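Asks: Just so you know, the sequences run in chain order X and P.
My numbering applies: residue 1 is where the first sequence begins, and numbers increase by one.
My numbering applies: residue 1001 is where the second sequence begins, and numbers increase by one.
Incorrect hints may appear among the rest.
What follows is a list of derived Cβ distance ranges for each label pair [what the hints assert, rightly or not]:
hint	chain 1	residue 1	chain 2	residue 2	range
1	X	L218	P	P1087	38 to 48 Å
2	X	N160	P	T1157	33 to 43 Å
3	X	R230	P	P1074	27 to 37 Å
4	P	A1212	X	T78	51 to 61 Å
5	P	W1069	X	Q96	38 to 48 Å
6	X	N160	P	P1074	42 to 52 Å
7	P	T1157	X	L218	54 to 64 Å
No wet-lab data here; the hints were simulated from the structure.
Just so it is clear, the structure is predicted and the values come from calculations on it, not from any experiment.
Every residue gets a Cβ at the ideal spot worked out from N, C-alpha and C, and that includes glycine.
The residues making up each chain are set out below.
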Amino acid sequence: MSATASPPRVAPGAASRGVKPPRPVRRPGARRTARREATFGFAMIGLAMLFVTVFTFLPILASLGLSFFDWDVISPPTWAGLGNYERFFSDGPVLQSFGVTICMALAIVVLQLSLGLFLAVLVNQRTSTFGRTFFRTAFYLPLLASTAAVAIFMGYLFDNKFGAINYYLNLLGFSNVPWLTSPFGAQVTIVLIVVWQQVGFTFVLFVSALMAVPTDVLEASSIDGAGPLRTLFRIKIPLISPTILFAAVIALINAMQLFDQPYIMTKGGPGTATTTATISMYQTGFQNLQFGYSSAIAIVLLLLILAITGLQFLASRKVVFYQ
Amino acid sequence: MSATTTIVTGRGRPARATAAGRRRAFSIGKIAGLIVLIIAAVFALGPLLWAFSTSLRTPADAFTNPPQWIPLSPDFGNYAAVFEQIPIGQFFLNSTIVTLVIVVGQTITCTLSGYAFAMISFPGKNWIFGAFLATMMVPMQTIIIPVFLIIKTLGLTDSLASLIIPALGSAFGTFLMRQYFMQMPKELGEAARIDGASQWGVFFHVYARMAAPAISTLAILNFSGFWAEFYRPLIFLQSQSTFTLPLGLVGLQGNLGTGSISVVLAGVVLAMIPSVLLFIFAQRYFIAGVTAGSSR
């Protein structure tokens, strides 16, 4: 009965709300009512629990289990112990793909957040609703295209010889940039494309957070003589820092799984320059049919994502300001 | 701080002068800000506009520079050509079926479970909900092999069902709906119970109707996610007759090489139409979807 109120970590609102009084022991029908309510509760979560158990819980355990086996799908799996993990830490190309992923992910997160915040601050200064709606729509539109579609048309735009981007760079007096044909160029191109598409997400988040900054705080700071820049860095940014943390976590989790754009645009090339961790996983699993090793890579990636997210939260304890 | 002291010490004139100067600087800043925003909007919209206008150029012209930004003599031949070169109608149908069934399915499963986690007492509730939350951090790609094996065991490989069935439940959707139900007053349900409504009646007639905004947000999130999905289709689907739009378009691009990019772009534009239409009519739910998770 009182389960609704117990751990505040999961149910922050429930504790403060007037919860039902303690179970009235002497009322005769109370136990039956509680049992009925519980049955109803289990029935209600049944469907979701079935699907989440079969297609998420069990697969997590299975991935972990598989990572201790060698299995080529055709012959029965053989026990490998920690062999797959040992192999991972001495597998140059796969380690390199993790390095590439981390570097590209960091670049994506930094650019996406700073650009999103910059644009959100500029839009937040505007008073007209038309202006706000127009820019919000403009920056959100790229998110309406699928990553596959974006990879396709950006591939044409960034084409080394015929692409419109090099054409305009030539007009400005620059020589052709080997966007997708050089290792570093391909990495830069993919980072730019992801940022181009995703910046609208952080932008929308930041605009709504900035709009929620209480006006009396802003008035107080302007009465105290703080200029717009000071208000921004001393008042607004600290107040929206929880949103910035959230955006950083989401952007980083997504960027660590980067797959579609490099797979479609460069197939992980040139060479292995844009072979990300997930492309490595895909190749070992579904092309070389090493399901055990691929699972081990998956588990390492999962642990890495969890570790980075944990670090973000730890580091942010000092910086993030909760009201 | 120093500005405050100036005002407090009573030197009115310089303080006022500074304020006026600041106001002017501020409005110059505002104009500069507007210019920056417009430039940013040009960069955001440019590639989309290019894709659209190039899809209206003849295949022979499509790769010639300068790009034609405004289609002065639009050629709709590419749109007919997409339908001739790939079964894009079939891709559309497949994407529609997959997306629609997942949207409806998750609406049902997540509304039911979200309501139970928010409103109903049952033993182990917080443990189960905690386990749900824990899975939200797990990327699809790290569990793809076991999911693929389950799909294979069920005999569903190379079918639309292989995309649909694993996506019918969602920890995130449950979380989203729960958060929404948590904000609703419990008294409403208690009053309805006293009036003789059943548990199901309270859920269905009282609370589910009030949850329409959250349901719309979840539906839009799922639409955007699954309409654009590339990774699972790439792994689960083999024959062209089961392809969804993103997979089909990438296939078209691969088949054609560099010859007729305008045809590929026509396909890209066609695939975007449903998203754009939905965005026009339900923009606020797209925006709500962005901020949905941040209440965590």
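Asks: All the hints need checking, so say for each whether the structure fits it.
Replies: Hint check:
| no. | hint | result |
| --- | --- | --- |
| 1 | X:L218 x P:P1087: 38 to 48 Å | violated (57 Å) |
| 2 | X:N160 x P:T1157: 33 to 43 Å | holds (38 Å) |
| 3 | X:R230 x P:P1074: 27 to 37 Å | violated (52 Å) |
| 4 | P:A1212 x X:T78: 51 to 61 Å | holds (54 Å) |
| 5 | P:W1069 x X:Q96: 38 to 48 Å | holds (40 Å) |
| 6 | X:N160 x P:P1074: 42 to 52 Å | violated (28 Å) |
| 7 | P:T1157 x X:L218: 54 to 64 Å | holds (58 Å) |
Hint compliance for this structure: hints 1, 3, 6 are not met, and every other hint is.
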